[in-house]
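Reassemble the complex: the two chains are provided individually, in unrelated frames, and hints are given to aid placement.
Keeping their order, the protein sequence lines are chains A and B. For the first sequence, the numbering used here assigns the number 1 to the initial residue and increments by one for each residue that follows. For the second sequence, the numbering used here assigns the number 1 to the initial residue and increments by one for each residue that follows.
Any given hint could be a false lead.
Among chain B residues calculated to face chain A with C-beta under 8 Å, some are [as the list claims (entries may be wrong)]:
hint : residue
1    : Pro110
2    : Ala194
3    : Gly212
4    : Ala216
5    : Met220
6    : Val224
7    : Tyr232
Think of the hints as simulated: they come from the structure by calculation, not from any bench. Cβ atoms here follow ideal geometry from the backbone N, Cα and C, with glycine treated the same way.
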Amino acid sequence: MSMLKTAGRQLLALYPLLLIAVAWEIAARMGLVRALFLPAFSIVIQQLGTLTLNGELFPPLMVSLYRTAAGLIIAFAVGLLIGFFSARNRFVRWLFNPLVAVGLPAPKIALIPIFTLWFGIDHMSKIMLVFITTVFPFIVSAAAGARTVPTSQIWAARAMGTSELALLHRIVLPASLPSLMSGIRVAVPIALLTTFTTEMVAGGGLGGALVLAQRYFETPTVYAYLLVMLVCGYVIDIGLLRLRRRVLRWHEG
Amino acid sequence: LRYVLSTLSWIGPFAIVAALWQGIAMLGVVDPTFFPGPATVLAATADLLGSREIFVNLGASLLNCFFGLVLGFAIGVPLGVAMALSPMADSFFGPIVKATYSLPKAALIPLFILWFGVGGLTNILAIMLTALLPIVIYTYHGVLGVPQIFIWSAKSLGTPRVKLLGRIIIPAASHSILTGIRIALGFSFIITIAAEMIVSNFGIGKLMFLYGESGAYQYMFAAVLILVVIAYLADVGFVALSNYILRWQGPID
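Okay, chain B solo, but in the shape it has when bound (with noise of 0.2 Å):
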């Protein structure tokens, strides 16, 4: 009964904007098809929903999504890793590193779709791109961070230097690299969508732009809608997964 009590409290804001969102559609204050009400909003998800083309799309950005996160938790975290223990790679990789890091990687998908076309590749290589960075530099302050004392005594048990990445420095040092890739997932979705608004032939932002365009805005809203949920939802079941991870430490939140 607490359990549903507390999720009950939970839900209690988001009726709340619900009802001024409705309310305020109601009086007419503002033109209803600039404004859709919630009720016509969800009328529109539902319809949504039920048709095959905001799976197919949505399935595509999703599967962009994911291989451009892969593909930099695959590059990202040796490099963070190499980063910390070699002061060479460090020195290379560094400044790199830091002159990138503010730059808003969206703004290179003209470029990328000048050299790779527009499409897939280009999505994903800019998704790579923007995921790389946060785990390069989680993953790099998670192995700086592990305590001495660890590797001191691994070694002093006789621990081979080879085994000591896989055994101590990655361990202790995956809790702060999962951070990395939480970040890099919600930038990744930016990203993602980004990209698909800008230029694409596919997927939920160019399909959100259509509607958009074509004036059928309770579904660019509903469009919208299911977004923020999956982003929500993806957000949510990578911290329980991290927390599964972790089990023999502490929970991340």
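Isolated chain A, as found in the complex (with noise of 0.2 Å):
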């Protein structure tokens, strides 16, 4: 009972939501603003059905989250390492922050055409392109966390013997793990924006996908793919705070 009143009243909370789609709704059925502008909501979501059930969808999609994922694995491994170095000795401090401090606020996406010169127009250059603009919040969320790690905790550990290596994650891991979890809460819908962008300039996946149906004034399409990349960033945004607060059960606990 009290799981049906929660959940009814979540329902309730979005009907800010419901009130533009109907408004939406209504607008288009009027006549108001001409369908190549905006289509009725119905048809979009009529369209998005279609596009489901012929599995038009996938594709563009499954290529789109590949590229996501993969560019965000690598920023997170290579983030890791440089901003746990960095923290930890100071010739690669000394190395880093002045690219971070440069690197973090530059308007990577500038890169485009270069990576498509040199990665070429599939996969690569926007893999490459989801790592350079990911990196840096990796690296910043990653030094922060490690710096945060109590010294007497890294003597107490080495006092008993822990090695190295083992103190990177037996310790310093574990205690940077709540940075870090907000560093890709930051990266990842920066990943989804270099994702899409890059495609919509160079082609391919869910953005190329977008382009071309605008091209072809296929209007309702172009609506249903961005609701598609709506629901994909919240979606895995909402992913990601559950994920946080299993992860960091004993943190906040």
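Encoded structure:
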């Protein structure tokens, strides 16, 4: 009963979105805007259903998700290493601090033409671009997390004979998990943005499919793809929040 | 002297990167047309900076970026304040903000082109929308974070409700608001360039793409370099401005 109640309340909390959908539907049905610009909401949903049923949606979606995930994973691994070592080693810090200071705010999206030139128009250039856009937040959050480890804990572990490598994954990694999780939450939307934008410029994936649909003035398809992108970002964000709660149970509990 | 030394040590890593880059370029493992060395790129940069073309396009891009950011600020701060102070505004805009936050705003550009045509208005609106959300969210959290004690004491000292906002709430939340704007600044650079690369008839993003397509790769690299420097200076400048505004508090970074 109480579950039903909370579910009902959650649905009720979404009323503004419903309101917008209804207003959109009415505006389109009454012909206030041309269907070419704004097809009725129901038509968009219908188109989304068609694209799902005939399977047209999945290949580009999978391509986009693959590129996003691959870039993120590489960036995470590299960012983690650089971040940890720059928190522990003065030379690494000296080397990377200025590079990160310039690299973090730099609009890496400008590298699209260069990366396309170097890595071609297929997966590689997009993955590398996702990597380069997300590695900086990962470095920053890994370094920030590693710096929160109390020196006494490191001394204690060393005194008990923990090796330098074991130290990293036994002490530093768990201690910086909260910071890393925040880093992931920052990086994922950036990764999605990068993937879709690159695809819109250089083709392929959901971004390429969207631009193509717009070029043929298949407006309902454009809106359908937009909805898919929106849901993608939303679902992944919720998933990350869940993951954070699970992984950090010992931290916040 | 200490200042000079710290500047030199800060530049060091860039020198190493440039040396590596030059080394690879001179070894000839990669085709020099695709991989021009830093000397070539710097020469091209000097060449570009001597031409009118780059300033006209850069100016147009930066102007768009600025207008979008200002619009995002002008809408975002009042919206964030309203959401934090009024539960009704929160329950209405909250779900909308949440649902649209994870949408890569670059994906809206094809639609905006359909509605507003290719050019300035489309780009400014896309930038505004991108800048809006971080500003709203940081303003919201900033205002929610204002200690209730400040408000109570102001009230007990006879501050009228109308003046509470300008005298207590906004100053106390300004740190958070400025952080939001800093994030929005980074995003707006990305969208400015993305919009110009997807479809545009002017701007630095378009120029970069043109250089790439016509095979003038050293100029493409030079344009990217100029852009990275500008984005970095904008970030540093904004932090300096924030610290000046917040000189009655501690520095941001």
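Against the structure, the hints come out as follows:
{"no.": "1", "hint": "Pro110", "in the structure": "holds, 4 Å"}
{"no.": "2", "hint": "Ala194", "in the structure": "holds, 5 Å"}
{"no.": "3", "hint": "Gly212", "in the structure": "holds, 4 Å"}
{"no.": "4", "hint": "Ala216", "in the structure": "violated, 11 Å"}
{"no.": "5", "hint": "Met220", "in the structure": "holds, 6 Å"}
{"no.": "6", "hint": "Val224", "in the structure": "holds, 5 Å"}
{"no.": "7", "hint": "Tyr232", "in the structure": "holds, 5 Å"}
Hint 4 from the list above is the single one not met by this structure.
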